[in-house]
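J.: Starting from the known structure of chain A, fit chain B onto it as the hints suggest.
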Amino acid sequence: GAGVSQSPRYKVAKRGRDVALRCDSISGHVTLYWYRQTLGQGSEVLTYSQSDAQRDKSGRPSGRFSAERPERSVSTLKIQRTEQGDSAVYLCASSSRSGQGRVLWGYTFGSGTRLTVV
Amino acid sequence: KNEVEQSPQNLTAQEGEFITINCSYSVGISALHWLQQHPGGGIVSLFMLSSGKKKHGRLIATINIQEKHSSLHITASHPRDSAVYICAVRSRNTDKLIFGTGTRLQVFP
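Quick note, the sequences are listed as chains A and B, same order. Residue numbers for the first sequence follow the working numbering, beginning at 118 and rising by one. Residue numbers for the second sequence follow the working numbering, beginning at 305 and rising by one.
Bound-form chain A, shown alone:
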């Protein structure tokens, strides 16, 4: 499809376990965000990456959160040693960018993965 898709839609994890969430972005999109939305804390950016580097340029680095981009249009968010406070909706958003670095368009958002840590 033409949108950003995330999987799974829902995930339940036992506290202390590692989880992996997937985001399939749009072919040609360069920039990709992972962020999470909680009722009490609003939106928190987790990672921000450019496709020319599989390393992250995290907006808010955290040792337990990391993102990998094995392919340009696929990203996996890994959460290590999950905590109950990690229960949230995890979203990814991607965008394109011109060769000169000029922004052409806004972001396309996925519909999210709801993670519940029990």
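If you're looking for bench data, these hints aren't it; they were derived computationally from the structure. C-beta atoms are modelled at their ideal positions from N, C-alpha and C, and glycine is treated no differently. It is possible that part of the hints are untrue.
Here are some, though not all, of the chain B residues that point toward chain A, as calculated from beta-carbon distances under 7 Å [as the list claims (entries may be wrong)]:
id : residue
1  : 346
2  : 347
3  : 349
4  : 401
5  : 403
T.: Below, chain B alone, put in the same frame as chain A:
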């Protein structure tokens, strides 16, 4: 002070009322997004704006670039409009997304 501010934080309304949610930002932007998150968690992208006004059904979004302000209006509100509405901007300088804190809307029958 947050770079993107939304008001109000919480809003309750009776079914049928006209609703306005405001978003003010302090950075130069290339795009502004309005997002909707229902209690079940899924995010729906409502609008992307860089100027002017957009309308989709009962939803209207406006943006004033000079004043760095955007509004989301809901006409003839309905209980199913109950959700968290989030404003997010794309910084023109850094290319990064900056989110507002969200507005929780509850519409009662």
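J.: All the hints need checking, so say for each whether the structure fits it.
T.: Evaluated hints:
This hint holds: residue 346 of chain B has a C-beta 5 Å from the nearest C-beta of chain A, less than the 7 Å allowed. The interface hint given for residue 347 of chain B holds, since its Cβ lies 5 Å from the closest Cβ of chain A, which is under the 7 Å cut-off. A hinted interface residue such as residue 349 of chain B counts as satisfied when its beta carbon comes closer than 7 Å to some beta carbon of chain A; here the least separation is about 5 Å, so the hint holds. A least Cβ separation of about 6 Å between residue 401 of chain B and chain A falls short of the 7 Å threshold, and the interface hint therefore holds.
Hint status for residue 403 of chain B relative to chain A: holds, with the closest Cβ pair at about 4 Å, below 7 Å.
Of the numbered hints listed earlier, not one is contradicted by the structure.
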